[in-house]
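Peer 1: What follows is each chain in one-letter form.
Protein chains: 2
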Amino acid sequence: MNELRLRPLEGLPEIGPGDDLPGLLAAAAPPGPGVLVVAQKVVSKAEGRLVALSAVEPSPRARELAARADKDPRHVQVVLDASRSVLRVAPGVIICETHHGLICANAGVDMSNAPGDEVAVLLPVDPDASARRIRERLGPGRAVVISDTFGRPWREGLVDVAIGVAGLAPLRDYAGETDRRGRPLQVTVMARADQLAAAAGILMEKNAGRPAIWIEGVDTFGDGSLADLLRDPERDLFR
Amino acid sequence: MNELRLRPLEGLPEIGPGDDLPGLLAAAAPPGPGVLVVAQKVVSKAEGRLVALSAVEPSPRARELAARADKDPRHVQVVLDASRSVLRVAPGVIICETHHGLICANAGVDMSNAPGDEVAVLLPVDPDASARRIRERLGPGRAVVISDTFGRPWREGLVDVAIGVAGLAPLRDYAGETDRRGRPLQVTVMARADQLAAAAGILMEKNAGRPAIWIEGVDTFGDGSLADLLRDPERDLFR
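As they're listed, the protein sequences go chains Z and L. Per our numbering, residue 1 is the first one in the first sequence, and the count goes up by one each step. Per our numbering, residue 1001 is the first one in the second sequence, and the count goes up by one each step.
For the record, the hints were derived by calculation from the structure and aren't laboratory data. Be aware that a few hints might be false.
[What the hints assert, rightly or not] A few chain L residues facing chain Z, derived, Cβ under 8 Å:
hint : residue
1    : 1007
2    : 1156
3    : 1203
4    : 1231
A virtual CB, placed ideally from N, CA and C, is assigned to each residue, including glycine.
For reference, chain Z alone in the conformation it holds in the complex (with noise of 0.2 Å):
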């Protein structure tokens, strides 16, 4: 790879429930080989992934869990719905494990941008069966990476990492190769999906409503799911 070009897809219209989102982008993305980042919002949308607050009755431990959160009770219960396990709550945050087994503030519920102020918008159902919808519509040679944007442990801001991909490894295993001199290297798994994630990021631009970014440049190959980029909770630190 010698050079890497990102490009948003022009001339996509606002997304709602039952648009036909991976025709639209599709019909979008330019020709040849590349890895199109599509922001989860869009697709949540796309799939109708929406809940109206007025119809969500918060339970006790939503509203304890709000109160501790200094958040919407009902928002509480949204998430607390798509959560396998709540890691931490503090005032302004909570860290939960979503069914997808992502750990992420807030189980990636999201009240911003939606269509009305009341309305959550939820992660896909299966964001691989999202992205690979996207890729059959891109055609052979073209991958899917769906990103959302994350804050992290120790480190202030947030950046884009992929919640599922489609037509690409998610992981760049360097096991068994070697370095200039031929020495092994001892950095050996990438994570591929979410560097490119992060890259489409810088271009998606919070205020740009531009959730679809074409990567040209990049060697794609094998295929792979979100689980790959799931730490086995037994192996992890800090849980």
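Given the coordinates of chain Z, assemble chain L onto it according to the supplied hints.
Peer 2: For chain L alone, coordinates are given in the frame of chain Z:
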């Protein structure tokens, strides 16, 4: 920003102690505005941040941690010397907070790709100062990020992050801005320097000998330092 373009700097020699890395990078960089992402390892080598393990006498604590982590006690002594504190120890891994405040495996002390099998490569003493020295040679309108390859909790695989910056604000703050429909943005702070480091990491490829990547098309503004990227321990939920 409508397009991002990333290219490796070509023609750099193998870097060793005392080499004028800022001068070599400035000579190899294309003209015009851009961000240069430089891998920590070449910065450390040029700055002579090398420790021969044969000269290291491990302390009892280093021996004890080395046994728990299944590592060379001399390597662990170098790691301890570079650390403010140790967060976790497990087979194969010691997670430390460095004197800079970075939290990462082995305090960033690396044995791979070092000149000789028994030499540890330490992080730069002051990566922001290293970045500033490079930026002075690049000239105005050009920014520098020093990157290193870190693991993360919860997710498999490594990504590059910024450990030093010059000529750009490492955080991009959207507070007070609105989305296309005029609603306030809730995701307000992106880790711009980490996004750039991750993007450059795609082209650095661990076996290609490409320690410097030139990125064009990024709006850079402001200035800042590594400290902007480090979360206040009091506000951190995962120490």
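Peer 1: If a hint holds in the structure, say so; if it does not, say that too.
Peer 2: Each hint, compared with the structure:
Because the closest C-beta pair between residue 1007(L) and chain Z is about 5 Å apart, less than 8 Å, the hint holds. Given hint, residue 1156(L) at the interface with chain Z, holds; its Cβ is 5 Å from that chain's nearest Cβ, closer than 8 Å. Hint status for residue 1203(L): holds, given a least beta-carbon distance of 6 Å to chain Z, under 8 Å. Taking 8 Å as the C-beta contact cut-off toward chain Z, the hint placing residue 1231(L) at the interface holds, the least distance being around 5 Å.
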